[in-house]
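Those protein sequences? They're chains C and H, same order as listed. Heads up, the first sequence is in this note's numbering, so the first residue is 6 and it goes up one at a time. Heads up, the second sequence is in this note's numbering, so the first residue is 6 and it goes up one at a time.
Hints may be right or wrong, so weigh each one.
Copies of the same chain look alike in the list, so a pair counts if it works inside one copy or between any two.
To be verified - Straight-line C-alpha distance at most 27 Å; calculated BS3-like pairs for lysine-lysine: (1) K11 to K53; (2) K84 to K121; (3) K11 to K50; (4) K188 to K60; (5) K11 to K171; (6) K11 to K188; (7) K60 to K100; (8) K121 to K50; (9) K60 to K11.
In short, the hints are calculated from the structure, not lab data.
Number of protein chains: 2
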Amino acid sequence: MNIPDKVINRLTLYHYILEDYEDGLFISSTQIAELLNMDDSQVRKDIKYLNNAGKCRVGYNVQDLKSSIEQTLGFETQKEAFIIGAGNLGSALAKFDSFSNYGLRILAMFDNNPVKVGNTINNKEVFHISKLPDLVRRLNVNIAILTVPRQFAQDAAIFLANSGIKYIWNFTPCVLAVPKGVKVWNENLIGSFLQFTSNDKDGV
Amino acid sequence: MNIPDKVINRLTLYHYILEDYEDGLFISSTQIAELLNMDDSQVRKDIKYLNNAGKCRVGYNVQDLKSSIEQTLGFETQKEAFIIGAGNLGSALAKFDSFSNYGLRILAMFDNNPVKVGNTINNKEVFHISKLPDLVRRLNVNIAILTVPRQFAQDAAIFLANSGIKYIWNFTPCVLAVPKGVKVWNENLIGSFLQFTSNDKDGV
Numbered sequence: 006m007n008i009p010d011k012v013i014n015r016l017t018l019y020h021y022i023l024e025d026y027e028d029g030l031f032i033s034s035t036q037i038a039e040l041l042n043m044d045d046s047q048v049r050k051d052i053k054y055l056n057n058a059g060k061c062r063v064g065y066n067v068q069d070l071k072s073s074i075e076q077t078l079g080f081e082t083q084k085e086a087f088i089i090g091a092g093n094l095g096s097a098l099a100k101f102d103s104f105s106n107y108g109l110r111i112l113a114m115f116d117n118n119p120v121k122v123g124n125t126i127n128n129k130e131v132f133h134i135s136k137l138p139d140l141v142r143r144l145n146v147n148i149a150i151l152t153v154p155r156q157f158a159q160d161a162a163i164f165l166a167n168s169g170i171k172y173i174w175n176f177t178p179c180v181l182a183v184p185k186g187v188k189v190w191n192e193n194l195i196g197s198f199l200q201f202t203s204n205d206k207d208g209v
Numbered sequence: 006m007n008i009p010d011k012v013i014n015r016l017t018l019y020h021y022i023l024e025d026y027e028d029g030l031f032i033s034s035t036q037i038a039e040l041l042n043m044d045d046s047q048v049r050k051d052i053k054y055l056n057n058a059g060k061c062r063v064g065y066n067v068q069d070l071k072s073s074i075e076q077t078l079g080f081e082t083q084k085e086a087f088i089i090g091a092g093n094l095g096s097a098l099a100k101f102d103s104f105s106n107y108g109l110r111i112l113a114m115f116d117n118n119p120v121k122v123g124n125t126i127n128n129k130e131v132f133h134i135s136k137l138p139d140l141v142r143r144l145n146v147n148i149a150i151l152t153v154p155r156q157f158a159q160d161a162a163i164f165l166a167n168s169g170i171k172y173i174w175n176f177t178p179c180v181l182a183v184p185k186g187v188k189v190w191n192e193n194l195i196g197s198f199l200q201f202t203s204n205d206k207d208g209v
């Protein structure tokens, strides 16, 4: 089933809430809606995308709802990725342990700075970028998380594509021109901030 | 005018393209659309939200289109913010110079770790978190960028609200319960990644 982007986004937030929920076996759509400052009818509509959401008269069973989100969004299907750029942002993402709970496993990092190569950040080794094509092939990884400085982003994207990467999660403020067959997802932080401040609303 | 979120997001991406565009005075909707692997009719529709987009027979005037996006999205209205948490993610955001071109000025950072307090990251001083209420008042800042570890996020949010912060840009994988009057924008990285990989499409 093709779930709309906004719904995927919200289901992930519901999952965050359930992770932290310690107040009982059940949670209502109203409780979820209040935390996110949204309408409870929207919460119920989103949850209809799931199978076995565990609804009963007193609300949703927390464990059932949690596993149902996990199954529907595929948290159990591990996707493996490399981080390109071992600067602050790359290191922050490498240290972000929540990723692995949600199906994203970072295997290694790459940089061209000899000072960084050989370091280990949260158990992820930093390799020289020249090792990328070989490791993409041998480990069969097709996702790259791009965190290099803006001025190197386009060249890096072409190098990734030539190395066999098929998905680029792009954290740079740069639109990447890539060959056909390579997908780019722009983590557009500036666009996100402008949405927040220009419409003056909560972000769900 | 209230511009839909998706359109704000795409207009920012068009601006990235124009920033890097060195091939002439004019750019067509088809050129923009190809870079983002989207439909050119959508590009033209988005640009209709702008005044003075500078359209003529050979395409859009690059400078006019750029300034028009800047005016419409308010890049010139500086918004000032504090970063809460001087770890890798906070430091990466403090070093992200593109923010200031898009109207976001980071004034300072806050942390509770004595080793970090007193440091300067990209000309932004790291203050002890206890200084926050006073600096919020004196500098009249109402935006906080929250990058603390997940387990401290909720307590930090309440502290921010009590200190007079009105907008929290939340980078933690945690849904924050905040008092009325405080807006939260969730930079939901995991939701973003799941959108990318579950629908297998470009992210625009």
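Going down the list of hints, with the structure as the test:
{"no.": "1", "hint": "K11 to K53", "in the structure": "both (14 Å within a copy, 24 Å between copies)"}
{"no.": "2", "hint": "K84 to K121", "in the structure": "within (25 Å within a copy, 34 Å between copies)"}
{"no.": "3", "hint": "K11 to K50", "in the structure": "both (12 Å within a copy, 21 Å between copies)"}
{"no.": "4", "hint": "K188 to K60", "in the structure": "neither (37 Å within a copy, 30 Å between copies)"}
{"no.": "5", "hint": "K11 to K171", "in the structure": "both (24 Å within a copy, 24 Å between copies)"}
{"no.": "6", "hint": "K11 to K188", "in the structure": "both (19 Å within a copy, 19 Å between copies)"}
{"no.": "7", "hint": "K60 to K100", "in the structure": "neither (36 Å within a copy, 46 Å between copies)"}
{"no.": "8", "hint": "K121 to K50", "in the structure": "neither (47 Å within a copy, 45 Å between copies)"}
{"no.": "9", "hint": "K60 to K11", "in the structure": "within (22 Å within a copy, 32 Å between copies)"}
Of the numbered hints given earlier, the model fails hints 4, 7, 8; all others are met.
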